[in-house]
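Q: Construct the complete structure from the given sequences, taking the supplied hints into account.
Per my numbering, the sequence shown runs over residues 1 to 94.
Everything labelled a hint here was simulated from the structure, so no lab data went into it.
Do not take every clue at face value.
To be verified - As a list, the in silico DMTMM-like pairs of lysine to aspartate or glutamate whose alpha-carbon atoms are at most 20 Å apart:
no., residue 1, residue 2
1, Lys12, Asp51
2, Lys70, Asp83
3, Lys70, Glu58
4, Lys12, Glu35
5, Lys12, Glu34
Claimed, not checked - Derived Cβ-Cβ restraints for the label pairs, each shown as a range:
no., residue 1, residue 2, range
6, Arg44, Gly18, 16 to 26 Å
7, Lys70, Gly28, 51 to 61 Å
8, Ser6, Ala61, 30 to 40 Å
9, Leu86, Gln25, 45 to 55 Å
10, Glu35, Ala72, 40 to 50 Å
11, Leu86, Leu42, 54 to 64 Å
12, Asn73, Gly18, 47 to 57 Å
Beta carbons are placed, not taken as given, at the ideal position from N, Cα and C, and that holds for glycine.
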Amino acid sequence: MLATASRPASVKVVGTNGQISLGKQFAGRQVLIEEQEAGVWLVRAATVIPDNERWLHEPEAATDLNKALKWANANTASDVALDKTLKRLAHGKG
Numbered sequence: 001m002l003a004t005a006s007r008p009a010s011v012k013v014v015g016t017n018g019q020i021s022l023g024k025q026f027a028g029r030q031v032l033i034e035e036q037e038a039g040v041w042l043v044r045a046a047t048v049i050p051d052n053e054r055w056l057h058e059p060e061a062a063t064d065l066n067k068a069l070k071w072a073n074a075n076t077a078s079d080v081a082l083d084k085t086l087k088r089l090a091h092g093k094g
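A: Rendered as structure tokens:
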């Protein structure tokens, strides 16, 4: 069973440009709008992830990122062997 709204309904007018205002508290938020039937819309706040960034939210990517962050925290950055590293990278030996 669907939860009922905790606030009373409010009347909004669709402007001539086809827009309605939900209020300043929602400014800049992304929303999903679903037309459930003719004249009935469900508006839900949402976070949309672009297709080319979806992989970042996969468990394997999260695991790899956590490993990399642990390594970075355990290994202080240094430029002691910078020349050697740059030469190795220039020759494609990663």
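Q: Would you mind marking each hint as holding or not holding in the structure?
A: The hints, checked one at a time:
1. Proposed proximity of Lys12 and Asp51 is contradicted: the alpha carbons are some 33 Å apart, above 20 Å.
2. Note on Lys70 and Asp83: the hinted pairing is violated, with a Cα-Cα distance of about 25 Å set against a maximum of 20 Å.
3. Of the supplied pair hints, the one linking Lys70 and Glu58 holds, its CA atoms being roughly 19 Å apart against a limit of 20 Å.
4. For the hint pairing Lys12 with Glu35, the CA-to-CA distance comes to about 17 Å; that is within 20 Å, so the pair holds.
5. For a cut-off of 20 Å, the pair hint linking Lys12 to Glu34 stands: about 17 Å separates their Cα positions.
6. The beta-carbon spacing between Arg44 and Gly18, approximately 19 Å, falls within the hinted interval of 16 to 26 Å.
7. The beta-carbon spacing between Lys70 and Gly28, approximately 34 Å, falls outside the hinted interval of 51 to 61 Å.
8. Taking 30 to 40 Å as the suggested C-beta distance range, the pair Ser6 and Ala61 conforms, at roughly 37 Å.
9. At roughly 51 Å, the beta-carbon separation of Leu86 and Gln25 lies within the given 45 to 55 Å, and the hint holds.
10. A beta carbon spacing of about 47 Å between Glu35 and Ala72 agrees with the range 40 to 50 Å that was offered as a hint.
11. Between Leu86 and Leu42 the beta carbons are some 56 Å apart, a value that agrees with the proposed interval 54 to 64 Å.
12. At about 51 Å, the beta-carbon gap between Asn73 and Gly18 stays in the expected band of 47 to 57 Å.
Hints 1, 2 and 7, counting from the list given before, are not met by this structure.
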